[in-house]
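Using the sequences and the accompanying hints, generate a full structural model.
Line order of the protein sequences matches chains A and B. Each residue of the first sequence is one higher than the one before, counting from 27 in the working numbering. Each residue of the second sequence is one higher than the one before, counting from 27 in the working numbering.
A couple of the hints might just be wrong.
Because identical chains share one entry, a pair is satisfied inside a single copy or across any pair of copies.
Cross-link-like lysine-lysine pairs, in silico, DSSO-like; alpha carbons within 30 Å at most [stated by the list, open to error]:
#1 K498 to K297
#2 K430 to K268
#3 K81 to K148
#4 K297 to K318
FYI, nobody ran anything at the bench for these hints, they're computed from the structure.
Residue strings, one per chain:
2 protein chains.
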Amino acid sequence: MSRFFEAHRALLDQAVAASRSRGYWSAYPEVASGKIYGETAKADAEAAFKAMLGKPFDLGQPEKSRVGREVSPYGMPLGVTYPAADVDTLLAASAKAGDGWADASIEDRVGVCLEILGRINKQSFLIASAVMHTTGQGFMMAFQAGGPHAQDRGLEAVAYAYDEMKRVPASVHWSKPQGKGDPLAVDKSWRIVPRGVSLVIGCATFPTWNGYPAIFASLATGNTVIVKPHPGAILPLAVTVKIARDVLKEAGFDPNVIMLAADEADAPIAKELVTDPRVAIVDFTGSPVFGKWVRENAATDLVFTEEAGINPIVIDSTSDFRGLCNNIAFSLSLYSGQMCTAPQNIFVPAGGIETNDGKKSFDEVAAGIATAVDKLLGDPERAAAILGAVQSEATVKRVESARKLGQIVRDSGPSAMAGFDSARTATPLILAVDAKDETAWGEERFGPITFVVKTASTADSIALAAGSARRKGAITASLYSTSDEIVDQAANAFAKAGVALSVNLTGGIYVNQSAAFSDYHVTGANPAGNACLTDAAFVANRFRVATVRRQRAA
Amino acid sequence: MSRFFEAHRALLDQAVAASRSRGYWSAYPEVASGKIYGETAKADAEAAFKAMLGKPFDLGQPEKSRVGREVSPYGMPLGVTYPAADVDTLLAASAKAGDGWADASIEDRVGVCLEILGRINKQSFLIASAVMHTTGQGFMMAFQAGGPHAQDRGLEAVAYAYDEMKRVPASVHWSKPQGKGDPLAVDKSWRIVPRGVSLVIGCATFPTWNGYPAIFASLATGNTVIVKPHPGAILPLAVTVKIARDVLKEAGFDPNVIMLAADEADAPIAKELVTDPRVAIVDFTGSPVFGKWVRENAATDLVFTEEAGINPIVIDSTSDFRGLCNNIAFSLSLYSGQMCTAPQNIFVPAGGIETNDGKKSFDEVAAGIATAVDKLLGDPERAAAILGAVQSEATVKRVESARKLGQIVRDSGPSAMAGFDSARTATPLILAVDAKDETAWGEERFGPITFVVKTASTADSIALAAGSARRKGAITASLYSTSDEIVDQAANAFAKAGVALSVNLTGGIYVNQSAAFSDYHVTGANPAGNACLTDAAFVANRFRVATVRRQRAA
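What follows is the structure, given as structure tokens:
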């Protein structure tokens, strides 16, 4: 078993170092290239994906019935079914598997985690198809965010967990001087004690990226994991769980150390799992409404959530107006605004802003962004790749009903999707509103819905943006300003509101992007989530330390 | 300000190293010697203590009325009054003080914490008197546990907090290669964001030892602290808060960064504070009943508790029967069993045990321990020093009513206390019961109450002891066995139950003792508490990290 640890040890050491220095580093190549992943990898994965459709997915875990009614946002039902069992059966099997897993050495467990990640990486093309046809992401995004970037996030969690566990020494000889007498001497040893069963509730938009940190943090620290995927995005996590179970079995562990708990929208099982006292850890990614319920009703105190918020952009001034418009246009368009990091509100002073192209009025700023969106999406093939499809019908309806909330600067419409005639699509809707229309912009409106909010001044913009972040949560904030003083003011305001701030993004970096090993995703300091991916607090409480003290024989 | 950091930096580095290696280390001398603390330190402190009695205690904090009705367990009322204000006033002043404290550098805050600890150390004799005459501890224990050992625990928390904060780099230049193009370049910086107001609820028996870790962990990480002492043990924490406020003022901070929130038993304010959403962190030490209420009703999710449990001793066999009896006798007698680490249940097989003095029957083991208690307490002066006084009248009543719960092996009685004729005292009550009398031994009975429990076998003893730890909590467990196999079985069982195990203590180390920098106090893995003093999980979530990313100019 420790062969896995030895095989991946150099990678682990690099990951630990990267998570501390937080410069650029990545373990798994994001380029979907045959040179890296094998010349037949893409074709093999396409064939494997097609072979899964319409069939039972085999996991070899306790099974009493079959569930699964996923429909691709690109139009076709997947027809895959997954094993289902009652909560008692799942929890009993998970607990039973936990004994051997808890007893394993840190290195054995971490080695298994690293091997799982390595094998998942090799299946990145397959996972890309599974992510694309459940979340609606365009293929390239599904490959990168659902594949290597998610794997990096998983590795980051393993690195944090390993580092944290290794801070506890295995043993020490404790010797306390007693003046002229013999010292008091005690041999002490410590072991890592896991919490128990860890429940990971996945989301529909980034099932792997948001799920892997929790899955791997819990596994590495000795907990067993029950993965409860969103009923609309089961397949990517089913593939993940299958790979993990294979590695566990190969390493001599009970594969029920990780299990899938799939369900359907009309017979959900998450609440029953969350409220069961046998569940020791809950990780949740999803809506603030259910997130609040989970926080308030979980049987365990140990709940980690990533919910959502209202991400603001504050525009004060810029030395690159075109770059500003293009950068924001991409952020609004990428995956049709369905990222938890996508901006919703763009605050612009009523008096307009200073730019390198001269003064721009409020309307000109709004129009500049709208035009940039039009241009970005002008080429249908590029538009399809950037926008992807819309995961949920509710999001399309939300866009429709949002139209009346302000003055339409750019209307949303469908986007042609070559090869997928019945894909569910929606381009960005951009509305102009006044700061006082807080019923419009002051609520989270998930999807491609953006408000350009007219404010009294940049100071007003910062106050409104930071205030809504404190009240409703925010994961990202963005500022454009040529004034260092304004940048400092915004940095202070958003730090207090617990939001990560990006400044003057006009090139190839976007506010929605969060890089493993460098960007802390979610601060845990506002209602957008109570945890961060990934920091020490995300892992340190997933295990406890048990001591044995033995008096040394005289 | 950073002069404080520089002044104490070497000590901090040693503390960080000690908390990782966990060998013996202590910063503050436990010997109450004039050579260390100054030849007049003891006399000065006695005079200072007497001068405080019957007077208002000045803290210079917002004040609307006076409270305080402490009565020494040694007999006399203290007559000290403390400032009181409504919860709104306290929270507003605390929040206001928080701005400057949050903006201070890590080094400035940590420097202030270290200076506070250093000045507290110099007042160890004064704090000893305050601890003695509120908790009832004997003077030497009050000096050591209430003084240097508590200060060590505070320093340990500062070391963990400093180490954890410094794992977050201040800034990095992030540069992501782009094939043949220019790399994507972003300057990133991070800052520590505190959670806000931290409430520390103290206990009546170890106000400083149990309070300092939370106070200093929260202060170091930038939170403001409101100390809500037990109404019976205000003075030690009032002295602490006064010293802390002096240092804060001297360093240019608002002294309301730390405030005392004293109350009286018939007008308690803890619940109002705990349920106020302006309180971001709650640290609680006290009874499981109120601890459960705090966990379930706190407005914040961030609650750290040390409650209590039923600490077991399992006796299987020994190569030093006399050492066993003497060691246990001391553990039962020290501070009249009022330590959260004191044993309650001693599990002995019905068939007796093998010892170096031959086979000992169940009754002989019980009698051996009882006799050792009698001998230990035979000298009145030594008895008074070891037993101290009983903090609460309820404990004395609990001892009285416990008499009927089993067969009395050794009866409890008063203990003469020279110079304190009306001291509240009680020597250990030892009862023999059968394992099936779980209504007797299966509940926490705080104070000098011990059950010798007759079991079918050592395996039965371990199962009963570990089972009660899982259900009711336990902080310590102790085992006597000459068999390595039994030791391994017990180590596994107690690790799973989340209890620290001590093995074969027959000399000068006692199961009740928990040494800073080495022993993890409470595992957080059973109902005796959800947190550990001190580990990474105790500090990592007391702050969050805010990011600023700036696109680097091309």
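Exercise. Going through the earlier hints one by one, which of them does the structure break, listed in rising order?
Worked result: Hint 2 is the one this structure does not satisfy, whereas the remaining hints hold.
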